[in-house]
Amino acid sequence: MILTTLEAAHTLAGEDSISAVRVRVGGIDQLTPAAQRKIETIASEIARHTGLTVDVMIGSSPRRVLVRVPEIGYVEEGWIQKGVNVSYAQGLQSGHWLLLATLLGIGGIFTLDVAWADVTARYRTIALQKALGWRSRTVFAQLLGQVLIVGAVASALGALAAWVVAQALKWQTPPIALLIGVPLAVIGLCIAGSFYPAWLASRVPPIVLLQHGEVRSAGARLGMMAGGGMGSYAWRSLLRRPSRTALTALAAALASALLVLSLSVTLARQGLLSGTLLGEFLLIRIERFHYVLVGIGLALAALAAANAQLSGLIERQREIGLLRAVGWRTRTAAQLFLSEGALLGALGGVIGTVLGGLLFFSFYGSLPTFVAGIALVGIAVPSVVGVLSSIYPARIGARVPPAEVMRYE
Amino acid sequence: MSSLASPIVQIEAVVKSYANGASVRALDGVSLTIAREEFVAVQGRSGSGKTTLLNLIGTLDQPTSGRVIVSGTDVTRLTGDALADFRRAHIGFVFQMFNLVATLTALENVMLPLLPYQRRLKFNLQARARELLSEVGLASRLQHLPGQLSGGEQQRVAIARALINGPELILADEPTGNLDSHSGAETLRLLQRLNRW
Chain D
180 MILTTLEAAH
190 TLAGEDSISA
200 VRVRVGGIDQ
210 LTPAAQRKIE
220 TIASEIARHT
230 GLTVDVMIGS
240 SPRRVLVRVP
250 EIGYVEEGWI
260 QKGVNVSYAQ
270 GLQSGHWLLL
280 ATLLGIGGIF
290 TLDVAWADVT
300 ARYRTIALQK
310 ALGWRSRTVF
320 AQLLGQVLIV
330 GAVASALGAL
340 AAWVVAQALK
350 WQTPPIALLI
360 GVPLAVIGLC
370 IAGSFYPAWL
380 ASRVPPIVLL
390 QHGEVRSAGA
400 RLGMMAGGGM
410 GSYAWRSLLR
420 RPSRTALTAL
430 AAALASALLV
440 LSLSVTLARQ
450 GLLSGTLLGE
460 FLLIRIERFH
470 YVLVGIGLAL
480 AALAAANAQL
490 SGLIERQREI
500 GLLRAVGWRT
510 RTAAQLFLSE
520 GALLGALGGV
530 IGTVLGGLLF
540 FSFYGSLPTF
550 VAGIALVGIA
560 VPSVVGVLSS
570 IYPARIGARV
580 PPAEVMRYE
Chain P
498 MSSLASPIVQ
508 IEAVVKSYAN
518 GASVRALDGV
528 SLTIAREEFV
538 AVQGRSGSGK
548 TTLLNLIGTL
558 DQPTSGRVIV
568 SGTDVTRLTG
578 DALADFRRAH
588 IGFVFQMFNL
598 VATLTALENV
608 MLPLLPYQRR
618 LKFNLQARAR
628 ELLSEVGLAS
638 RLQHLPGQLS
648 GGEQQRVAIA
658 RALINGPELI
668 LADEPTGNLD
678 SHSGAETLRL
688 LQRLNRW
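Residue numbers (the numbering used here), protein chains in the order written: chain D, 180 to 588; chain P, 498 to 694.
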């Protein structure tokens, strides 16, 4: 390496003496859309005036390095830190993975919830199979196999749909590794998600068939309001199966956390999220598709909630029949389901809002502007989704004939 | 409408068929009159149609043909919410399996029929429920969950629940069927006493 003048360099290496000219755009502290527009304008001006190829590198920062200069010795030089743009690209990549992982997490919870609902709905059938001599292992394998088949078909259809969409939109065809890897990941998720319900199924005792009309133990008693009311009855019904309720609420919470984080970043940070999370640098530009992801997450949470209510209907037939028999109107019985949906959504919304707020705080050390409004949206949206998800179960549930209360078989 | 002299239940040529593959006639031209303040027991073999009869009187089901008049109202002409309102106003149920909601306390179970409608009531629902539970000897069990009560106690909660709306008619489907002989006899004595209440 030598330090020399431009003229000398030209004499030594001719036209190839300069491989790159670094131009630093001043006055930019943050990568806002305005800053980006400024950089792009300058880049296009340079390209127009000089005819040079211009690459924009985000955040290239000089780093002091020691360079040995013959006959002079070591000098300190502000050198461009190599790989800065790569680290930003990695940051973007990590951000996308975080979002994808959250969505996959919601998908995993959904799988777990569906498999769990299946076990709940078939509780007595499973007990009969056990009473007839089925081994626990057989019951376990049956449920796992069932989920595996559904998961395999669903992921194959999903991969095919992705390929068709990519072709139709003339996008770059997804690599084979992705087309095979993602379905495999989804199948893995299905297995992981159904493992616990399958284990639960294998533990169903055959004695259940003999427990004719037994009153189930009520589980935890929390927060019954004095005097009672529809809300507290709904809340108590949710607590009948606390683990399932927590799980379904968690799906809503993750979607709500994404919503709160996206909204906070859009409103308070001009749509650009950058920072470090668990030692990993993240850079996310919140765009419309992130809100689509939030929508998909909320839709999955809604499906999980509806599924939980529908499967619960089977075991609640007599309870609903009782409410109708003692004079509850169809609409009143439906309100019970809608209240349960709203409470479940609100629960997920509160957890998600806190989670989303904490994530934002961990990035910036402060809460976003419009925090009250964002929190309101973070709680209200999942609550509304919860109500919407319970409309169908409510329609079915409220129509349980009152004579159902007299059925003892 | 009803007067003290008119029968509480009047059934005229009631037929109830179930089309479950082959048509089965559970009730075939049954006529029956039950006077007010009467204590009536219906006996019969399993499958003879006792529960079907009770379902029709209780407006839980509709006959294939014939008329069912309860408290002066032809309930076969009522549908949907009008039936629900009628049951809430006139009928109390006691079931063989108690049918208490496992997540609600004894007090809340008794309040259950009128729980969504308490704003329209002219009395305090909780106070009435307490009073009824005390009447059936469960004043010290108000906050117990069904799982924490014996079979006999659960059935007494169910009886208190059947009384919360001040019904003119109480229908009990084998109320002692799930109880031991001692609790069964106690339940019947309670029902007889309440009939004179």
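Since the hints were made in silico from the structure, they are not lab data.
Beta carbons: idealized from backbone N, C-alpha and C, even for Gly.
Hints may contain errors.
[Said to hold, decoys possible] FRET-style restraints, in silico, Cβ to Cβ:
#1 P:Ala510 x D:Trp313: 47 to 55 Å
#2 P:Asp578 x D:Leu446: 40 to 48 Å
#3 P:Val539 x D:Val533: 54 to 62 Å
#4 P:Ser562 x D:Arg316: 48 to 56 Å
#5 D:Trp313 x P:Val521: 32 to 40 Å
#6 D:Arg574 x P:Arg522: 29 to 37 Å
#7 P:Gly541 x D:Val332: 30 to 38 Å
#8 D:Glu494 x P:Glu535: 48 to 56 Å
#9 P:Asp525 x D:Trp313: 41 to 49 Å
#10 D:Leu482 x P:Arg533: 33 to 41 Å
#11 D:Tyr571 x P:Arg533: 39 to 47 Å
#12 P:Gly541 x D:Glu494: 24 to 32 Å
* So which of those numbered hints doesn't the model satisfy? -> Hints 7, 8 and 10 not satisfied by this model.
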